Amino acid sequence: MIKIKEKTFNEIVDSIEGFKNILVLGCGGCASVCLGGGQKEVERLCVNLNIFFKSELSSRVAKGYTVERQCNITFIEETRSFIKDFDAVLSMACGAGAQYMAEIYPATPIFPAVNTIAIGIDREVGVYEEKCRACGDCVVGFTGGVCPVTRCAKGLFNGPCGGTNKGNCEISSNIPCAWVDIYNRLKSQDRLDNILKIRPVMEWQNQTQRTVIQNR
Amino acid sequence: MSLYQIISGPMVWTSFLLFIAGTIFQIIKLYPFIKQSTTRLNAISYSSVNREKTTTANNKKIFTKKLFRHLPDFNSLIYKFAMLKYSLFGRYPLTIFVTTLFHLLLIFSPFMVLGHNILFESALGVSFPSLSSEFSTILTFIIILCCLYFLIRRLTVPLVKSITTSSDYIMLAIAAAPFLTGFMAHHQIFNYTVMLHLHILSGEIMLISIPFTKFIHMIYFIITRVVLMNNGLRIKELKI
Amino acid sequence: MTSNHSILFEQDEPSSEQKDLVEISKKVCVEEINAILKEKKHQIATALKVCAHCTLCADSCFLYRSKEKVAEHMPSHKFITSIGVIYKKKGKVTMEELYEMRETLWKRCVLCTRCSCPLGINIPELLAIGRRILRSQGVYHSYSEN
Ligand code: SF4
Ligand code: SF4
Ligand code: SF4
Ligand code: SF4
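Chains as they are written, first to last, in numbering that gives the first Met the number 0: chain W, 0 to 215; chain C, 0 to 239; chain S, 0 to 145.
If you're looking for bench data, these hints aren't it; they were derived computationally from the structure.
Given the structure is predicted, the values throughout are model-derived calculations rather than measurements.
A few of these clues could be false.
[Unchecked claim] Per the computed footprint, the stretches of chain C lying under chain S, defined by three or more beta-carbons under 8 Å from a beta-carbon of chain S, are:
1. 20-33
2. 90-104
3. 190-198
4. 214-220
[Stated by the list, open to error] Keeping only pairs whose Cα atoms sit at most 30 Å apart, straight-line, the calculated BS3-like set for lysine-lysine is:
5. LYS4/W - LYS39/W
6. LYS106/S - LYS4/W
7. LYS26/S - LYS213/C
8. LYS91/S - LYS28/C
9. LYS48/S - LYS213/C
10. LYS106/S - LYS130/W
11. LYS39/W - LYS40/S
12. LYS37/S - LYS83/W
13. LYS28/C - LYS37/S
14. LYS62/W - LYS91/S
15. LYS48/S - LYS39/W
16. LYS79/C - LYS106/S
17. LYS25/S - LYS213/C
18. LYS28/C - LYS48/S
19. LYS106/S - LYS83/W
20. LYS37/S - LYS62/W
21. LYS62/W - LYS89/S
22. LYS34/C - LYS40/S
23. LYS39/W - LYS6/W
24. LYS26/S - LYS53/W
25. LYS25/S - LYS28/C
26. LYS213/C - LYS87/S
27. LYS89/S - LYS160/C
28. LYS88/S - LYS28/C
29. LYS66/S - LYS26/S
30. LYS37/S - LYS91/S
31. LYS26/S - LYS130/W
32. LYS160/C - LYS48/S
33. LYS37/S - LYS39/W
34. LYS28/C - LYS87/S
Cβ atoms here follow ideal geometry from the backbone N, Cα and C, with glycine treated the same way.
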């Protein structure tokens with residue numbers, strides 16, 4: 000699912016400078032699963048903000064609320080009755096959720112309180128690893144189930160660059176080279192011919208906003 | 000006034016009146032809910048307006064080794080028939096068949112019984128085409144069988160049992176009673192007069208209970224489904 | 000020393016079950032629940048009235064299809080035993096009941112909004128109201144507790 004991480008407190012405080020009533024809006028979906036913006040995190044941020052506001056001797060207040068998902072109108076709708084009581088919203092959902100909130104409430108300033116990091120997997124509770132960059136044209140069928148877009152620092156579609164350094168990436172000896180992993184995996188499955196198939200580069204074709212319409 | 004006169008005279012009118020008034024009342028009561036759903040629909044279309052269908056880069060055609068592949072003809076009847084198993088009907092064929100039949104007959108067959116039409120004619124001056132006595136008997140019998148199917152399903156299927164309450168049995172009894180008594184009266188099983196009285200009475204009970212009990216799904220079903228369908232239509236509209 | 004220390008530290012931290020026990024002793028705020036129930040009254044009442052207990056929604060839930068096909072995974076069972084119970088009791092529920100409902104509302108449903116009822120009941124929305132009520136009482140599933 001989508002993985003997010005809370006912004007630093009300073010950045011959050013800076014962004015809501017000058018707004019009096021703040022709504023901290025959590026998301027019960029992915030944001031909650033990756034311990035980034037669920038109800039618990041919302042409550043914690045509210046406490047922190049209110050302590051800060053008190054130290055400022057201002058009358059500003061932060062209140063928390065968690066909807067089930069900010070990317071579906073069904074669940075955002077319940078905030079409509081009280082959204083007007085707030086001057087600004089700090090969204091703790093991913094960028095998609097924050098934008099949808101902004102779209103639904105054109106008059107309310109929305110600020111993200113989190114950074115949307117990745118589409119990833121759960122290594123363990125609290126440790127998440129990026130696996131996919133949603134390039135829109137999945138190639139892992141040719142690359143032995145290792146994503147070159149995500150794992151290769153240069154996102155190379157076709158073969159390693161010249162910097163491959165004993166199985167590691169040229170940018171750091173801590174980062175394994177994606178193409179070495181691809182080679183090893185394809186070799187162990189006897190599918191090495193796959194590596195020879197040239198995949199045309201994206202050439203920014205995947206840069207327009209996408210709309211998915213499924214056949215139902 | 001005899002008992003027969005009461006239940007076949009003022010009681011009938013009262014129950015029709017209660018049915019109509021109750022229906023109108025319940026629809027008005029639902030208005031805030033309908034309005035809520037409409038605001039949501041507006042929000043959906045607000046956010047999607049003027050959005051072109053954008054798809055992702057698709058440069059994989061190069062890798063297709065074979066030029067011609069056998070693909071199912073997505074518009075063919077055979078394909079559609081194969082897809083049927085993923086529909087509600089495909090998953091519960093018997094139940095959907097019985098349910099559809101039951102509801103259609105429940106609503107329409109009372110208008111097609113000769114005896115009823117004579118009453119309609121004398122009371123309102125209008126009547127509907129009547130079915131032959133044998134055919135109405137068969138239809139009534141089918142309804143009773145459907146009710147039995149529901150009863151057995153309620154009693155035996157664990158899934159159904161898990162959410163069954165006593166009201167479900169009462170509803171089933173109220174729905175079956177007019178048909179059972181009508182059937183018995185017509186065939187002079189037991190005592191004709193008693194059965195006729197019971198038939199009229201149970202019909203009236205059913206009519207009155209429609210707006211005020213779980214039978215309300217007869218009315219609300221239309222509204223909730225239309226709201227849903229409207230939703231679906233709006234989404235279809237967006238498929239540019 | 001350090002290992003002892005860490006053991007001590009771990010014992011100081013209440014386990015999730017202990018936490019739940021502490022939480023359960025908290026009081027339920029009936030007014031708060033009723034405020035939400037009042038706002039959503041028509042929707043809940045309509046759904047409870049319209050649901051014919053026909054169980055045709057069972058197969059539309061992917062959890063029902065992929066996990067054991069037990070009644071607990073059927074969408075209608077989920078909303079009748081959660082929000083339905085809260086509504087029928089007019090909000091007068093105990094913390095224990097809310098914790099039981101938490102299992103239904105979070106573990107047996109991911110609010111994917113895929114389920115459909117032939118009578119047009121919006122089941123996910125009802126389950127979301129249930130979650131909202133639980134959240135208002137501080138009862139929710141924490142993904143860090145496994
Ligand atoms: S708003 Fe973002 S974080 Fe929340 S459920 Fe949707 S995709 Fe996940
Ligand atoms: S190639 Fe990589 S980034 Fe692209 S869809 Fe596949 S996993 Fe995601
Ligand atoms: S399909 Fe609809 S009416 Fe039938 S049990 Fe499920 S929610 Fe109730
Ligand atoms: S929203 Fe919940 S009940 Fe409905 S299909 Fe998804 S998991 Fe099942």
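Here's how the hints hold up against the structure:
1. Counting residues of the segment 20-33 of chain C whose C-beta lies closer than 8 Å to any C-beta of chain S gives 4; at least three are required, and the coverage claim holds.
2. Using a Cβ-Cβ cut-off of 8 Å, 5 residues of the segment 90-104 of chain C lie near chain S, which meets the minimum of three, so the contact claim holds.
3. With 0 residues bearing a CB less than 8 Å from a CB of chain S, the segment 190-198 of chain C misses the requirement of three and the coverage assertion fails.
4. For a cut-off of 8 Å, the count of residues in the segment 214-220 of chain C with a CB near a CB of chain S stands at 4, and the three-residue condition holds.
5. About 14 Å separates the Cα atoms of LYS4/W and LYS39/W, which keeps this hinted pair within 30 Å; it holds.
6. Restraint check for LYS106/S and LYS4/W: satisfied, since their Cα atoms lie roughly 24 Å apart, inside the 30 Å limit.
7. Restraint check for LYS26/S and LYS213/C: the C-alpha separation of about 34 Å exceeds 30 Å, so the hint is violated.
8. Between LYS91/S and LYS28/C, the direct Cα distance comes to roughly 25 Å. Compliance with the 30 Å bound is thereby established for this hinted pair.
9. A threshold of 30 Å between alpha carbons decides the hint, and for LYS48/S with LYS213/C the separation of about 5 Å falls inside it, so the pair holds.
10. Taking the CA atoms of LYS106/S and LYS130/W, the gap is near 25 Å; set against the 30 Å cutoff, the hint holds.
11. Pair hint LYS39/W plus LYS40/S holds up; C-alpha atoms about 28 Å apart against a cutoff of 30 Å.
12. Between LYS37/S and LYS83/W the CA atoms are separated by roughly 20 Å; this keeps the pair inside 30 Å, and the hint holds.
13. For a cut-off of 30 Å, the pair hint linking LYS28/C to LYS37/S stands: about 14 Å separates their Cα positions.
14. Only pairs whose Cα atoms come within 30 Å are accepted, and LYS62/W paired with LYS91/S is accepted, the gap being roughly 26 Å.
15. For the given pair, LYS48/S sits about 35 Å from LYS39/W by alpha-carbon distance, which is inconsistent with the 30 Å threshold.
16. Taking the CA atoms of LYS79/C and LYS106/S, the gap is near 35 Å; set against the 30 Å cutoff, the hint is violated.
17. Straight-line distance between C-alpha atoms of LYS25/S and LYS213/C comes to about 36 Å, which puts the hinted pair past the 30 Å bound.
18. For a cut-off of 30 Å, the pair hint linking LYS28/C to LYS48/S stands: about 13 Å separates their Cα positions.
19. Simply put, LYS106/S and LYS83/W have alpha-carbon atoms about 33 Å apart, too far for the 30 Å limit, and the pair is violated.
20. A C-alpha spacing of about 22 Å is found between LYS37/S and LYS62/W, which places the hinted pair at or below 30 Å, so the restraint holds.
21. About 27 Å separates the Cα atoms of LYS62/W and LYS89/S, which keeps this hinted pair within 30 Å; it holds.
22. In summary, the hint linking LYS34/C to LYS40/S is supported, as the alpha carbons are separated by about 14 Å, within the 30 Å threshold.
23. Our distance criterion of 30 Å between C-alpha atoms is met by LYS39/W and LYS6/W, whose separation comes to about 16 Å.
24. The hinted pair formed by LYS26/S and LYS53/W meets the criterion: a straight-line CA distance of about 29 Å does not exceed 30 Å.
25. For the hint pairing LYS25/S with LYS28/C, the CA-to-CA distance comes to about 37 Å; that exceeds 30 Å, so the pair is violated.
26. For the proposed pair LYS213/C and LYS87/S, the alpha carbon gap of about 15 Å is at most 30 Å, so the pair holds.
27. For the suggested pair LYS89/S and LYS160/C, the alpha carbons sit about 25 Å apart, so the restraint of at most 30 Å is met.
28. In summary, the hint linking LYS88/S to LYS28/C is supported, as the alpha carbons are separated by about 22 Å, within the 30 Å threshold.
29. Annotation: proposed proximity of LYS66/S to LYS26/S is violated, straight-line Cα distance about 34 Å (limit 30 Å).
30. At roughly 14 Å between alpha-carbon atoms, LYS37/S and LYS91/S fall within 30 Å of each other, so this suggested pair holds.
31. Between the alpha carbons of LYS26/S and LYS130/W the distance comes to roughly 44 Å, so the proposed pair goes past 30 Å and is violated.
32. Between the alpha carbons of LYS160/C and LYS48/S the distance comes to roughly 18 Å, so the proposed pair stays at or under 30 Å and holds.
33. Annotation: proposed proximity of LYS37/S to LYS39/W holds, straight-line Cα distance about 26 Å (limit 30 Å).
34. Restraint check: the Cα-Cα separation between LYS28/C and LYS87/S comes to about 19 Å, which is no more than 30 Å; the hinted pair holds.
In summary, the numbered hints that this structure violates are 3, 7, 15, 16, 17, 19, 25, 29, 31.
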